[in-house]
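Could you slot chain B onto chain A? The hints should help.
Same order as they appear, the protein sequences are chains A and B. So for the first sequence, numbering that gives the first Met the number 0 puts the first residue at 0; every next one is plus one. So for the second sequence, numbering that gives the first Met the number 0 puts the first residue at 0; every next one is plus one.
If you're looking for bench data, these hints aren't it; they were derived computationally from the structure. Treat the hints with care, since some could be wrong.
[Claimed, not checked] Covered stretches of chain B, going by a simulated chain A footprint (3 or more residues, C-beta under 8 angstroms):
1) 34-40
2) 63-77
3) 275-287
[To be verified] Partial pick of chain B residues on the chain A-facing surface, computed with a CB cut under 10 angstroms:
4) L140
5) F142
6) I203
7) K205
8) G368
9) F396
[Said to hold, decoys possible] Cross-link-like lysine-lysine pairs, in silico, BS3-like; alpha carbons within 27 angstroms at most:
10) K294/A <-> K329/A
11) K253/A <-> K329/A
12) K71/A <-> K112/A
13) K380/A <-> K396/A
14) K129/B <-> K103/A
15) K326/A <-> K408/A
16) K197/A <-> K316/A
17) K170/A <-> K306/B
18) K112/A <-> K213/B
19) K253/A <-> K306/B
20) K170/A <-> K363/B
21) K103/A <-> K363/B
22) K137/B <-> K103/A
23) K386/A <-> K408/A
24) K306/B <-> K373/B
25) K175/A <-> K309/B
26) K197/A <-> K309/B
27) K112/A <-> K112/B
28) K208/B <-> K277/A
29) K197/A <-> K253/A
30) K333/A <-> K316/A
31) K316/A <-> K408/A
32) K103/A <-> K208/B
33) K329/A <-> K396/A
34) K277/A <-> K213/B
35) K253/A <-> K316/A
36) K112/A <-> K129/B
37) K363/B <-> K137/B
38) K112/A <-> K309/B
39) K380/A <-> K326/A
40) K208/B <-> K363/B
Backbone N, C-alpha and C fix where the C-beta goes; we use that ideal spot for every residue, glycine too.
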Amino acid sequence: MSGDNFNFIFLSEILHLPLFSAATGKKIGRIVDLAARTSHVYPKITALIAQMNSGSEPVYIAWPHVRLTVFKNHVTVEYPLDHDETSPGAAESEILLKKTFLDKQIISTSGYKLVRVNDLQLLIDNSSKDNPNLWLVHIDVGFKGLLRRLGWLNFINPVFHWLFARDIIDKFLTWKNVQPTTATNVHGSVIMKADSSKLSAIHPADLADILEDLGTDERISLLESISPLTAAATLQEMPMSLRLQIAESLDNEKLAGIIAEMQMDETVDFLSEFPPEKREALLSFLTQERVAEIKDLTQLSSFSVGSIMNTSFLTAKQTQSVRDVLKQVKTDTKHAELLYYIYIVDDEEHLQGLVTLRQLLAAKGTLPVSEIMRSAIVSVKIDSSIKRMAQLFFKYKFEAIPVVDDDDKLQGIITMGDALDAVFPEVKEAAEG
Amino acid sequence: MLIFLSVIGPGIITGSVDNDAGGITTYSVAGANYGYRLLWTLLPSFIALLTVQEMNARMGIVTGKGLADLIRENFGVRITFYIFAFLLVADIGNTATEFAGVAGSLMVFNVDKNISVPLAAIAVWILVVKGDYKISEKVFLLFSVFLLSYIVSAILAKPDWGEIGKAMLKPEIQMDNAYILTMLGLVGTTVAPWMQFYMQSSVIEKGIKIADYKYTIWDVVVGCIVTVVVAFFIIVSCAATLHVNGVTINEAKDAALSLKPFAGALAGEVFAFGLFVASVFSAAILPLAASFYICEAFGFEAGINKKFSKAPQFYSLFTFIILIAVGIILIPNAPLIAITLWTQVLNAILLPVVLICMMIIINKEEIMGEYVNKRYQNIIGWATSGILITLSAILIFSELL
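Chain A on its own, in the form it takes in the complex:
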């Protein structure tokens, strides 16, 4: 660095500088990080984070306590802090520069890609009288920054100059064109949601490429910070395996918010990849119209009868008498959806047959129901498609179809009404509206 460039300094040249006490003139610690507030156009340095000779935890020394800065040599501060004096404490919005940027990946919003930060360039503003202010202006992503960090720049640059008659070029991004992927604030481990306003200029397809290259945490933090609409457009550009990987780390409400903004066919494809419980949980966050629309598109292929079946129905045992069963029907009238069919099961709930109310009324009261029941009956498996179920209704014109599991145990019924709702939801909607 030549002398005329005095107004700039690199973060790597400030880190590890010794810290002297203004009172005693003795070395009391060293600088480990800088804190900055990002609310300005360029982040303004607000504090030093120092590792003191005494004490193990790094301390926060607000910038006004810095008395003298001899850059590249040492910094003098007022410390221990006088607590009577109103000292500006660490604010939530202050980020740590080293922890947030150095060696981390950031998004170049002008180049639409991920780059790794080698160094940060700060502007020294000497206009104020006592203590210069520092502003973060450039992100160094070039080879020169790498050499500086490795401590080789002073050796390699002259060699390069001798060979090619010029210096190695700096490769900077201005602060305005970068987006951190996460930001660590002064309270340490807290990861703030990054301010993502700069990302809106990037096309979702490019953003998807960038997200694919990011680590899991950064990906989630970015997705949570952009609008659900942008997030949805971005997710749609990603391969399904990656979408599911991301879905795994988002909470249901957030994920549902994004899904709500996705295109309908994408939504259906995406939802069909989830296990039923997760899918139901996600649907519960969506508006009713949206859910109806989704079901409209999916039920005929991928949604199974299990999701629309009714679980209150009438059953009786084979050994019960007709009179007994009739009495039972009377008491169950309130709960059961359908009174006309009474399903006959054995002790383990395996479906054996059915009797209709008409049969019961016509038969002698002392007969066991097994004598009058129909035993060859049509049922559907709980995981069969709604389309299959609809076909059965068309073919047999039943009032209801029993639903059984793989063991042939009775799990529920689907009435003609349920079936109609499921197959023609738009008709239902029109009728209800």
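Quick look at chain B alone, frame taken from chain A:
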């Protein structure tokens, strides 16, 4: 099963690349010189390999970041730079060994190395630069299957199974220098530093969910089993023929040639074919892997699916490594033995550094969350690292003095 098929690949490919030309040489020499006496080392090698690979798979799935990324973000640019400088040199050395394997194996079929090596290099370059990852991965998996040809080779050699059983169950450990060095070589060739980077990156490339981690473990286990099974049969086929007849060898190619008079021409040719496949396979993966982590760590664009103009550093690096490696092999009287030796020393220096970094990272809760190492995993992990570090130190010490 379907999920298993969708996550399968990284572990098996890494495990197969592990049996590269250098590995086959080490196993052949061990078999020829010591018969079945070193077979037992495959068991501890298996455990070490499994422990290390599992940690890499877990780190990759949980963080979505490559090992290079994690090391740079947690230990800064300096250590990362030196790791990768060493790794690059070691990788060029390794790749040269692979092309030597190509040359040697095809010599058995009377193909001149001035023809075979450039052709193999061009084939590898086209596969990686012009092909896409899905196709390459399938080709690589197919290669892994071909490695099973060593089983054929070993059976043709008609080994004494009773003696093998005895050697495995009751190992006789010799305390002389040569025996210990060969033993170190066997373990060292099984767990190599580049593998950790490659494993982690390919798990990420696969996009595996945390929920599917339990299937990935099986991919890792199968990969490790493939590694030791292939190693086992190479040692057996050399032990059953060469050792019994008192033939000593220095190179894998010698093994293929020497097998012919004892086990028939077919056994020798199958052995040479296996060597050829392994060498080409690793000659593609090693430079690819190196280009990947170097670009990852220093922020250049990388990826087989990108165009040359989009990722110039990545492809230049890949081409550069292959060119140098091929150059070394085609120089008349290239000091191959010295290159192999120095590559081994470099790997032995790198391994402890990489392992310690890994153990520190995988225990950080802010990175791994609930997937940090459990107590028993730490015990196995540190024990494995400790043993490998000690072995590396002995290896460096004995080869440099």
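Results of checking the hints against the structure:
1. 34-40: violated (count 0)
2. 63-77: holds (count 8)
3. 275-287: violated (count 0)
4. L140: L140/B check fails; min Cβ-Cβ to chain A is 18 angstroms, beyond 10 angstroms.
5. F142: The hint is violated - F142/B has no Cβ within 10 angstroms of chain A, the shortest such distance being about 24 angstroms.
6. I203: holds, 9 angstroms
7. K205: holds, 8 angstroms
8. G368: OK, holds: G368/B within 10 angstroms of chain A, min 9 angstroms.
9. F396: Check failed: Cβ of F396/B comes no nearer than 29 angstroms to chain A, outside 10 angstroms.
10. K294/A <-> K329/A: It is violated: about 36 angstroms lies between the C-alpha atoms, which goes past 27 angstroms.
11. K253/A <-> K329/A: violated, 48 angstroms
12. K71/A <-> K112/A: violated, 33 angstroms
13. K380/A <-> K396/A: holds, 18 angstroms
14. K129/B <-> K103/A: Violated, at about 31 angstroms.
15. K326/A <-> K408/A: holds, 24 angstroms
16. K197/A <-> K316/A: violated, 68 angstroms
17. K170/A <-> K306/B: With Cα atoms ~23 angstroms apart, K170/A and K306/B stay inside 27 angstroms; holds.
18. K112/A <-> K213/B: Measuring from Cα to Cα gives roughly 33 angstroms; hence the hint is violated.
19. K253/A <-> K306/B: Not OK: K253/A and K306/B at ~35 angstroms, beyond 27 angstroms, violated.
20. K170/A <-> K363/B: Violated, because 33 angstroms separates the two Cα atoms, which is more than 27 angstroms.
21. K103/A <-> K363/B: Satisfied, since the Cα-Cα distance of roughly 17 angstroms is no more than 27 angstroms.
22. K137/B <-> K103/A: The hint is violated at about 33 angstroms.
23. K386/A <-> K408/A: holds, 22 angstroms
24. K306/B <-> K373/B: Status violated; Cα separation ~42 angstroms.
25. K175/A <-> K309/B: The hint holds at about 24 angstroms.
26. K197/A <-> K309/B: holds, 23 angstroms
27. K112/A <-> K112/B: violated, 43 angstroms
28. K208/B <-> K277/A: holds, 15 angstroms
29. K197/A <-> K253/A: holds, 21 angstroms
30. K333/A <-> K316/A: holds, 20 angstroms
31. K316/A <-> K408/A: Cα-Cα ~13 angstroms, so holds.
32. K103/A <-> K208/B: holds, 24 angstroms
33. K329/A <-> K396/A: holds, 26 angstroms
34. K277/A <-> K213/B: holds, 20 angstroms
35. K253/A <-> K316/A: violated, 48 angstroms
36. K112/A <-> K129/B: holds, 23 angstroms
37. K363/B <-> K137/B: Since the Cα atoms of K363/B and K137/B sit roughly 35 angstroms apart, the hinted pair is violated (cutoff 27 angstroms).
38. K112/A <-> K309/B: holds, 11 angstroms
39. K380/A <-> K326/A: violated, 30 angstroms
40. K208/B <-> K363/B: holds, 20 angstroms
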